[in-house]
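Take the given structure of chain H and dock chain S to it, following the hints.
These protein sequences, in sequence, are chains H and S. Per our numbering, the first sequence starts with residue 7, numbered consecutively. Per our numbering, the second sequence starts with residue 70, numbered consecutively.
It cannot be assumed that every hint is accurate.
To be verified - Only pairs whose alpha carbons sit at most 27 Å apart, straight line, appear in this in silico DSS-like list of lysine-lysine: (1) S:Lys143 with S:Lys93; (2) S:Lys143 with S:Lys104; (3) S:Lys181 with H:Lys25; (4) H:Lys25 with H:Lys82; (5) S:Lys181 with S:Lys148; (6) S:Lys177 with H:Lys71; (7) H:Lys82 with S:Lys181; (8) S:Lys119 with S:Lys181; (9) H:Lys25 with S:Lys104; (10) S:Lys148 with H:Lys71; (11) H:Lys49 with H:Lys82; (12) S:Lys104 with S:Lys148; (13) S:Lys181 with H:Lys49; (14) S:Lys93 with S:Lys148; (15) S:Lys104 with S:Lys181; (16) S:Lys104 with S:Lys119; (17) S:Lys177 with H:Lys82; (18) S:Lys119 with S:Lys93; (19) H:Lys82 with H:Lys71; (20) S:Lys119 with S:Lys148; (21) S:Lys177 with S:Lys143; (22) S:Lys181 with S:Lys93; (23) H:Lys49 with S:Lys143; (24) S:Lys104 with S:Lys93.
Derived from the structure by calculation, the hints contain no laboratory data.
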Amino acid sequence: EVQLVESGGGLVQPGSPLKLSCAASGFTFSSNWLNWIRQAPGKGLEWVASINPDGSSTYYPDTVKGRFVVSKDNAKNTGYLQMNNLRSEDTAMYYCARTSFDYWGQGVMVTVSS
Amino acid sequence: DVVMTQTPPSLSVAIGQSVSISCKSSQSLVYSDGKTYLHWLLQSPGRSPKRLIYQVSNLGSGVPDRFSGTGSQKDFTLKISRVEAEDLGVYYCAQTTHFPDTFGAGTKLELK
Chain H
7 EVQLVESGGG LVQPGSPLKL SCAASGFTFS SNWLNWIRQA PGKGLEWVAS INPDGSSTYY
67 PDTVKGRFVV SKDNAKNTGY LQMNNLRSED TAMYYCARTS FDYWGQGVMV TVSS
Chain S
70 DVVMTQTPPS LSVAIGQSVS ISCKSSQSLV YSDGKTYLHW LLQSPGRSPK RLIYQVSNLG
130 SGVPDRFSGT GSQKDFTLKI SRVEAEDLGV YYCAQTTHFP DTFGAGTKLE LK
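Same shape as in the complex, but just chain S:
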């Protein structure tokens, strides 16, 4: 199975600060169709996960452009510019390139 390694495990931030979360995979996530099926999810406290970004850098519907995703092959980054209170929660990267789908362990974003 593809292992997804997220760092850091937690982040303490002030409102308005920018942060980055890293996700590294044990194999390249480029599929045979040339696309990279790496996604970012946010689980707000007490809620189910919500997909923020799909295929590395595409924002989901209604997701503010404070969120951005970059990366390729095995190395990916989620950046949040100007953190707002509603951004707090646990962020997961997930890959659906290789069977089975796998998730990172999560990065908990908390208020400083």
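One chain only, chain H, in its complex shape:
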């Protein structure tokens, strides 16, 4: 059974860093893209990062470029989202999802507030 399980969320102050993890199981992690998508409270879905199967290429929208870094450790079947210099507008539920959004994790909440 394919599973994606996020962890690492929490309440942080503006300007702080936070690192999210996405533990994968039930499929060949090293053969799949990994995406991070977020959803602000009461809002729609926003793509925030993607990484290709071997981790050699990463992609971001302008809203997080230079602040967020996506990575994956294929030996550990785990993906990561390092978020730096967090802002209040980064407050959201963060999901990891597999290629073409076929499987999603349960999500982890990130709240940026003083």
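Just chain S now, with coordinates in the frame of chain H:
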């Protein structure tokens, strides 16, 4: 970026009724391999999104055949025949043809 426009923003339905949701893209979603990477997701209340349909019309694993997807190029439709209570939530269309992946704003399906 490709803009995905979903209509209507909300729908109020009775159990057993059929409904359709429209999704229009600002560019053709046909990829160079000839495939169209337009997908439909359902986010049930308090849950993470689940992919219902991929590449316009292919049902995901375990998705009932009350759901169907049609369309081509820039114009797509999700139809739900005989709505059941478990179908309530927010439906999103999403495209993965063009970088970056983008989503529609969602259509909230509620009980009448």
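Right, here's what the structure says about each hint:
1. S:Lys143 with S:Lys93: holds, 5 Å
2. S:Lys143 with S:Lys104: holds, 13 Å
3. S:Lys181 with H:Lys25: violated, 42 Å
4. H:Lys25 with H:Lys82: Given that 27 Å is the threshold and the Cα spacing comes to 16 Å, the pair holds.
5. S:Lys181 with S:Lys148: holds, 18 Å
6. S:Lys177 with H:Lys71: violated, 31 Å
7. H:Lys82 with S:Lys181: This hinted pair is violated, its Cα atoms lying about 47 Å apart.
8. S:Lys119 with S:Lys181: Judged against 27 Å, a Cα distance of about 23 Å means the pair holds.
9. H:Lys25 with S:Lys104: Given pair Lys25 (chain H), Lys104 (chain S) is violated - Cα atoms ~36 Å apart, limit 27 Å.
10. S:Lys148 with H:Lys71: violated, 37 Å
11. H:Lys49 with H:Lys82: violated, 33 Å
12. S:Lys104 with S:Lys148: holds, 21 Å
13. S:Lys181 with H:Lys49: Holds. Lys181 (chain S) to Lys49 (chain H) sits at ~23 Å (cutoff 27 Å).
14. S:Lys93 with S:Lys148: Holds, at roughly 15 Å.
15. S:Lys104 with S:Lys181: violated, 37 Å
16. S:Lys104 with S:Lys119: Holds, because 21 Å separates the two Cα atoms, which is no more than 27 Å.
17. S:Lys177 with H:Lys82: violated, 38 Å
18. S:Lys119 with S:Lys93: Judged against 27 Å, a Cα distance of about 20 Å means the pair holds.
19. H:Lys82 with H:Lys71: holds, 26 Å
20. S:Lys119 with S:Lys148: holds, 16 Å
21. S:Lys177 with S:Lys143: OK: Lys177 (chain S) and Lys143 (chain S) at ~22 Å, within 27 Å.
22. S:Lys181 with S:Lys93: It holds: about 26 Å lies between the C-alpha atoms, which stays within 27 Å.
23. H:Lys49 with S:Lys143: Holds. Lys49 (chain H) to Lys143 (chain S) sits at ~24 Å (cutoff 27 Å).
24. S:Lys104 with S:Lys93: Holds - the C-alpha atoms of Lys93 (chain S) and Lys104 (chain S) are around 17 Å apart, at most 27 Å.
Hint compliance for this structure: hints 3, 6, 7, 9, 10, 11, 15 and 17 are broken, all remaining hints hold.
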